[in-house]
Structure formats: structure tokens, C-alpha cells
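There are 2 protein chains.
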Amino acid sequence: MSLTNASPSEAARAAKEASHVLATLPEPARNEALTAIHAGLTAAKDDILAANARDLEAARAAADRGHLSPSLVSRLDLGKKGKWEDMLKGVLDVRDLEDPVGKITLRTKLDDGLELTRVTCPIGVLLIIFEARPEVIANIASLAVKSGNAAILKGGKESTESFVAISKAISAALDGTKVPNGAVQLVTTRDVIPQLLDLDRYIDLVIPRGSNELVRYVKSATRIPVLGHADGLCSIFLEQSADPKMAVDVIVDSKTSYPAACNSLETLLVQESALDSLLPPVAEALLARDVVLRCDAKTKAALTASSTLSSSPDLIAKLEDARDADFDTEFLSLTLAVKSVADVGEAVAHVNAHGSKHTDAILTGSPELAERFMAGVDAAGVYWNASTRFADGMRYGFGTEVGISTNKIHSRGPVGLEGLMIYKYKVRGRGHVTADYGEGEGLKRYKHEKLPL
Amino acid sequence: MSLTNASPSEAARAAKEASHVLATLPEPARNEALTAIHAGLTAAKDDILAANARDLEAARAAADRGHLSPSLVSRLDLGKKGKWEDMLKGVLDVRDLEDPVGKITLRTKLDDGLELTRVTCPIGVLLIIFEARPEVIANIASLAVKSGNAAILKGGKESTESFVAISKAISAALDGTKVPNGAVQLVTTRDVIPQLLDLDRYIDLVIPRGSNELVRYVKSATRIPVLGHADGLCSIFLEQSADPKMAVDVIVDSKTSYPAACNSLETLLVQESALDSLLPPVAEALLARDVVLRCDAKTKAALTASSTLSSSPDLIAKLEDARDADFDTEFLSLTLAVKSVADVGEAVAHVNAHGSKHTDAILTGSPELAERFMAGVDAAGVYWNASTRFADGMRYGFGTEVGISTNKIHSRGPVGLEGLMIYKYKVRGRGHVTADYGEGEGLKRYKHEKLPL
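Chains as they are written, first to last, in numbering that gives the first Met the number 0: chain C, 0 to 452; chain Y, 0 to 452.
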């Protein structure tokens with residue numbers, strides 16, 4: 000990894016050149032580099048934690064002056080229990096994943112001696128813009144090396160000392176390997192994001208990891224494709240035939256197990272015919288966990304009248320009236336918008352109009368309605384009788400993730416190594432020319448025989 | 000298909016709503032719609048050809064005044080031999096392709112009763128901006144219906160009468176089918192392209208089909224992902240061990256079989272050690288077909304001194320001196336830039352620095368050098384001993400193509416139906432919640448078992 004104060008365009012040009020070398024390295028060379036990175040970080044532990052302590056000290060002082068949130072300060076801390084070990088283990092976990100490079104995904108015999116193959120290959124140069132968490136840099140450098148992509152990293156200023164220390168260790172480690180030094184670059188100069196976002200000549204994909212504001216800004220400021228999601232407005236449709244206990248369990252998990260996560264529940268749609276039966280125990284369980292319910296008129300009336308809640312004026316007093324905007328809001332906190340819908344068709348229409356194409360679930364005892372919901376909802380994840388919080392690369396078994404995408408092209412949902420790949424078509428011939436083929440007299444026909452992979 | 004004078008945002012909103020219905024239609028319903036389109040066009044032949052004749056008349060008058068190129072006028076003509084029949088056959092060809100919707104591409108058992116599947120699904124709403132050729136509209140409407148995507152079509156003004164006549168026929172045909180009317184929309188109002196390109200809320204992918212200028216403009220003017228290519232700067236590296244006759248055949252086909260095509264040869268790189276042996280017969284064959292050769296100093300000197308050409312002062316007089324810009328130019332005509340390089344490494348570096356990532360070939364007798372070239376060149380197509388002009392969806396056996404992409408994400412190279420698909424993850428559970436899983440005491444572990452597709 001090189002640590003650069005070069006101009007953004009010099010850094011990007013160097014990354015592009017390095018990407019062409021990295022793309023041709025065989026798997027053992029990329030894996031050896033990851034082993035070296037692991038060893039280098041292990042050896043540099045004291046220096047890195049000392050640098051992190053300096054970042055932390057500055058951040059705490061800023062927090063005391065009210066310039067930084069305490070939760071951000073907490074995310075900076077590499078010394079927290081298990082964090083350093085997790086970071087190191089992550090490097091080896093990525094190394095041990097299946098090689099995503101060079102997989103043959105199509106083979107066709109175009110004609111005798113003329114064969115077409117489609118082979119996975121790295122995308123090229125990734126620009127990764129991230130905020131405070133310093134361990135992300137080791138994770139992303141590992142993913143880049145494993146997938147054969149060059150990476151330009153631009154981290155949040157609060158972690159600069161940590162980033163620089165980690166970069167130095169990785170850079171020294173890579174020096175003894177076949178991975179070119181320019182393949183992973185940390186850009187430490189300030190205010191260069193707009194310049195980087197303009198370098199579509201060198202940069203193939205931008206991955207912003209951070210707040211919704213960061214992602215929205217990046218998407219609006221570049222012609223380079225952006226992989227990520229600004230919003231995670233997940234919904235659950237509670238259908239009348241759902242199992243009542245399961246409904247409570249899944250909705251409580253979806254809403255309360257980590258309210259600030261992008262895969263947490265933000266809107267609960269309840270079938271009108273189930274307002275008196277299924278909704279009250281769900282509401283009671285949520286209220287008991289301090290969830291604020293913003294209810295439309297029908298759901299509020301049903302809850303107020305229900306035997307479950309009517310004996311608890313305290314709970315009823317906690318119900319709030321939903322405004323229209325609540326159904327377009329990602330609360331990222333213990334607030335939930337609640338609305339009644341007539342049936343699965345209305346639920347699908349609501350989700351398609353108001354959701355963020357992240358993850359939406361139906362709770363129902365009917366396989367037919369479940370399939371209809373999952374076919375009709377346009378989202379990266381569509382679930383039946385399971386918590387929305389399963390939307391995660393680790394939980395899906397991808398080993399790791401570079402993020403979750405709500406894009407409609409390339410990669411969608413949790414994105415692992417596979418999402419950092421594209422393909423190329425290779426044609427191997429023996430001097431074949433197109434003028435020999437056609438419909439006319441004496442011309443050859445294409446064979447287009449599928450070959451085994 | 001509806002023919003709309005509605006505002007662009009109304010058209011796009013209607014297309015989005017229709018896309019949600021179209022995405023859930025089973026294959027037979029989509030295929031029946033294509034059969035109906037074929038019948039409708041067949042029945043409306045006289046009306047459509049009469050409308051086309053009016054477009055043609057106006058275009059010929061504009062050409063006479065020098066406002067339109069004669070080649071554009073020729074492309075407008077639906078009455079040309081075979082064109083109408085090809086257009087109709089194309090509709091049925093698309094219908095008979097394998098269904099790209101609902102293919103399962105990953106299945107994982109996350110835990111007992113909790114299964115993850117990845118299923119292909121349509122992208123959503125496509126905006127297709129194209130220029131004059133009126134038959135394209137039938138082709139694109141067919142691809143959209145087959146792939147389950149809604150499409151907004153905006154055609155060049157020279158073909159308006161033809162487009163309207165074809166649209167009316169398709170619209171009437173779709174009325175008797177399950178495909179909603181808003182699923183294919185022709186926008187005929189003028190000057191709406193900037194407004195359409197701003198509708199990223201409704202439109203998921205833009206496919207510009209036309210001149211380099213159109214593609215460049217579209218790419219610079221929208222946040223919506225764009226599928227296509229602005230340039231097709233294809234190169235061939237003639238390595239010293241190439242078979243001489245094969246070199247002549249492949250280079251002549253690549254350059255002269257259709258010089259205006261994006262997969263035609265624009266730059267010839269010749270290994271320095273082969274300048275006296277392999278280059279002269281190639282140059283002679285190209286010059287005999289009126290190809291203008293723009294040569295760097297070394298290749299010009301070799302040709303001037305060669306026994307093949309030195310006896311023909313006429314041919315030598317035709318050699319031109321290359322300027323640097325020639326190696327970054329897509330001539331789209333019978334002009335070829337010619338340059339000497341030391342070896343395969345220099346050839347790869349030249350192609351990566353100057354090419355357009357479309358299609359590049361090596362001609363060599365060495366499998367090892369061929370593989371090195373194909374691994375090192377970052378392009379959608381990398382060929383060994385075959386003409387660059389094979390880069391085409393029909394020739395690759397994709398049945399049809401929506402275009403050729405030089406993008407580095409999603410789809411690359413000739414893009415068929417597969418390139419119009421994305422996927423969604425479906426999770427089917429029995430009330431599973433994430434809080435039950437983890438490393439601690441009493442918590443469950445994920446199974447992550449790969450299941451057969």
C-alpha cells in the first residue's frame with residue numbers, strides 16, 4: 000500500500016497501472032500478499048494502537064466541545080475488546096475465501112476451432128470512501144487484493160493517524176510481495192473527494208461506506224458507477240394468516256435487535272382483517288421495548304379498542320399519530336410507522352411506492368401469498384417468515400461484504416467478493432474471419448454449441 | 000404499447016407501475032404478447048410502410064438540402080429488401096429464446112427451515128434512446144416484453160411517422176394480452192431527453208443506441224446507469240510467430256468487412272522483429288483495398304524498404320505519417336493507425352492506455368503469449384487468432400443484442416437478454432430471528448450449506 004500525498008489524479012493513474020498487473024497475478028501471489036499483510040499488522044500492533052490512541056484523544060476532546068458524537072468516538076477505538084483480533088482474523092478469512100478470479104461462466108463452440116469463453120476478472124480500480132472506523136481499511140485492502148482490484152482509500156479525518164499507521168504496515172508488508180505498491184493507495188490529503196469523483200477515466204467503481212448523507216452526496220457528484228445504498232427503509236407486511244407468536248418474534252427482532260442498522264424494520268403494514276387479532280400482541284411487545292408506534296387512524300383505533308391494551312392507559316398514551324412522511328422515513332431508531340392495508344396487493348403497492356428496495360418481508364401462513372409478495376416486491380431481499388435483519392453478507396454465507404447495494408444493476412443486496420468482479424469474453428480461433436459466415440451460398444453457419452464449464 | 004404525449008415524468012411513472020405487473024407475468028403470458036405483436040405488425044404492414052414512405056420522402060428532401068446524410072436516409076428505409084421480414088422474424092426469434100426470468104443462481108441453507116435463494120428478475124424500467132432505424136423499435140419492444148422490463152422509447156425525429164405507426168400496431172396488439180399498456184411507451188414529444196435523463200426515481204437503466212456523440216452526451220447528463228459504449232477503438236497485435244497468411248486474412252476482415260462498425264480494427268501494433276517479414280504482405284493487402292495506413296516512423300521505414308512494396312511507388316506514396324492522436328482515434332472508415340512495439344508487454348500497455356475496452360486481438364503462434372495478452376488486456380473481448388468483428392451478440396449465439404457495453408460493471412461486451420436482468424434474494428423461514436444466532440452460549444450457528452440449483 001502506498002501512502003500518498005500525490006494529487007488525486009496521480010494516485011488514480013498509478014492505481015490504474017497497478018490494477019493491470021494485479022489483475023494478472025495468480026491466486027497464490029494474491030494470497031501470499033494477504034499473509035504478509037497479516038504478519039505486518041501483527042508486528043506493528045504497538046505503533047498502530049499508539050496512533051489510534053492519538054486519534055482517540057483528539058476525538059474525545061472534540062466530543063467534549065460537542066463537535067463529535069460520543070458514538071463516533073466509540074467506533075474509533077481499535078483497543079476495544081476483540082476489535083484488533085477481529086481485524087487480523089478478517090484478513091485471513093478473506094484470504095481463505097474461494098478465488099473469485101478466472102471462473103469460466105460460459106463456453107460456446109462458435110465453429111470448429113473457434114471457441115468463446117466468458118471468464119470472471121477484476122473490475123479494475125475501486126474508490127472506497129469511508130468514515131471513522133479504522134479497522135475498515137484492513138478489511139478493504141484485503142478484499143481488494145483478494146479480488147485482484149486496485150483500491151484508492153479515502154478515510155474520515157478523525158482516524159487519520161490510525162489509517163496512516165495501518166497503511167505504513169501494509170505498505171511495508173506488500174513490498175516483499177508481487178502485488179505492486181500502487182495497487183492500494185491511501186489518500187490523506189484533505190478535501191479531495193470531489194476531485195477523485197471526477198476521475199472516471201481511472202476509477203471504475205465507487206463504494207461509499209458511511210452515512211446516508213455521504214452516499215447521497217457521492218451518487219449526485221459522480222459519473223462513476225456507485226455501489227451502495229442511501230436508505231434502508233424495510234417493511235413487514237403482517238398478513239391475517241400469520242402465526243401470532245411468530246409475528247411477535249420476527250417483528251421484535253426486525254425492529255429492536257439493532258435499530259440503527261440499515262436492515263432494521265421501519266414500516267409495519269397490517270392486514271385490515273387482522274387489526275384486532277394479530278396487531279395488539281405485536282404492539283404490546285414493541286411498546287414494552289420502548290418502541291414508539293406512529294399509527295395511522297385505523298391501526299390506532301384498533302389498538303385503543305383492543306382488550307390487550309385498553310387496560311393499560313400508559314401504553315395507549317404512547318401511541319402517536321402517523322403523518323404521511325413517516326411512511327417515507329428511515330428512522331434508524333426505536334420509532335416504527337404502522338399502517339393498515341386491505342390485502343397483499345395493497346401491501347406490495349405500498350412497499351414498491353415507499354420502500355427503498357433493500358429488504359421487505361411478509362409474515363403469513365399461506366405459501367401462495369408469500370410467493371406473490373416475493374414476486375411482486377421490487378427489492379434486493381424479499382423474505383417470508385424471517386427477520387429483515389438477516390440481510391447481511393456474513394449471515395448469507397458470503398464470508399464478508401463490501402456493503403449492501405440497493406442498485407438495480409450489477410450487484411444487489413449484500414455484496415461479497417463476487418460483486419467486485421466483472422467478466423471478459425475470450426475468443427480463441429485459428430484465423431477465423433467473419434466474412435466467411437452468413438446465409439448465402441458457400442458461406443459457413445455458426446454452430447453455437449454449448450460446451451461444459 | 001402506449002403512444003404518449005404525456006409529460007416525461009407521467010410516462011415514466013406509468014412505466015414504473017406497469018413494470019411491477021410485467022415483472023410478475025409468467026413466461027407464457029409474455030410469449031403470447033410477442034405472438035400478438037407479430038400478428039399486429041403483420042396486419043398493419045401497409046399502414047406502416049406508407050408512414051415510412053412519408054418519413055423517407057421528408058428525409059430525402061432534407062438530404063437534398065444537405066441537412067441529412069444519404070447513409071442515414073438509407074437506414075430509414077423499411078421497404079429495403081428483407082428488412083421488413085427481418086423485423087418480423089426478430090420478434091419471434093426473441094419470443095423463442097430461453098426465458099431469462101426466475102432462474103435460480105444460488106441456494107444456501109442458512110439453518111434448518113431457513114433457505115436463501117438468488118433468483119433472476121427484471122431490472123425494472125429501461126429508457127432506450129435511439130436514432131433513425133425504425134425497425135429497432137420492434138426489436139426493443141420485444142426484448143423488453145420477453146425480459147419482463149418496462150421500456151420507454153425515444154426515437155430520432157427522422158423516423159417519427161414510422162415509429163408512431165409501429166407503436167399503434169403494437170399497442171393495439173398488446174391490448175388483448177396480459178402485458179399492461181404502460182409497459183412499453185413511445186415518447187413522441189420533442190426535446191424531452193434531458194427531462195427523461197433526470198428521472199432516476201423511475202428509470203433504472205438507460206441504453207443509448209446511436210452515435211458516439213449521443214452516448215457521450217447521455218453518460219454526462221444522467222445519474223441513471225448507462226449501458227453502452229461511446230467508442231470502439233479495437234486493436235490487433237501482430238506478434239512475430241503469427242502465421243503470415245492468417246495475419247493477412249484476419250486483419251483484412253477486421254478492418255474492411257464493415258469499417259463503420261464499432262468492432263472494426265482501428266490500430267495495428269506490429270512486433271518490431273516482424274516489421275520486415277509479416278507487415279509488408281498485410282500492408283499490401285490493405286492498400287489494395289484502399290485502406291489508408293497512418294504509420295509511425297519504424298513501420299513506415301520498414302514498408303518503404305520492403306521488397307513487397309518498394310517496386311510499387313504508387314503504394315508507397317499512399318503511406319501517411321501517423322500523428323499521436325491517430326492512436327486515440329476511432330476512424331470508422333478505411334483508415335488504420337500502424338505502430339511498432341517491442342513485445343507483448345508493450346502491446347498490452349499500449350492497448351490498455353489507448354484502447355476503448357471493446358475488443359482487442361493478438362495474432363500469434365504461441366499459446367503462452369496469447370494467454371498473456373488475453374489476461375493482461377482490460378477489454379470486454381480479448382481474441383486470439385480471430386477477427387475483432389466477431390464481437391456481436393448474434394455471432395456469440397445470444398440470439399439478439401441490446402447493444403455492446405464497454406462498462407466495467409453489470410454487463411460487458413455484446414449484451415443479450417441476460418444483461419437486462421438483475422436478481423433478488425429470497426429468504427424463506429419459519430419465524431427465524433437474528434438474535435438467536437451468534438458465538439455465545441446457547442446461541443445457534445449458521446449452517447451455510449450449499450444446495451443444488
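Mixed in with the good hints there might be a few duds.
Identical chains blur together in the list; that is why a pair holds if it fits in one copy or across any two.
[Unchecked claim] Listed below are the simulated BS3-like cross-link pairs for lysine-lysine, each with C-alpha atoms no more than 27 Å apart in a straight line:
| id | residue 1 | residue 2 |
| --- | --- | --- |
| 1 | Lys446 | Lys102 |
| 2 | Lys446 | Lys82 |
| 3 | Lys153 | Lys218 |
| 4 | Lys177 | Lys44 |
| 5 | Lys44 | Lys244 |
| 6 | Lys167 | Lys244 |
| 7 | Lys443 | Lys297 |
| 8 | Lys80 | Lys443 |
| 9 | Lys156 | Lys102 |
| 10 | Lys167 | Lys108 |
| 11 | Lys80 | Lys297 |
| 12 | Lys167 | Lys443 |
| 13 | Lys446 | Lys317 |
| 14 | Lys449 | Lys102 |
| 15 | Lys443 | Lys244 |
| 16 | Lys44 | Lys80 |
| 17 | Lys218 | Lys108 |
| 18 | Lys244 | Lys297 |
| 19 | Lys218 | Lys79 |
| 20 | Lys446 | Lys244 |
| 21 | Lys297 | Lys102 |
| 22 | Lys88 | Lys153 |
| 23 | Lys82 | Lys443 |
| 24 | Lys88 | Lys449 |
Just so you know, these hints were derived from the structure itself, not from any lab.
**OP:** Could you tell me which of the hints above the structure violates, numbers in ascending order?
**Re:** Result: hints 5, 6, 7, 9, 10, 11, 12, 13, 17, 19, 21 break, sorted rising.
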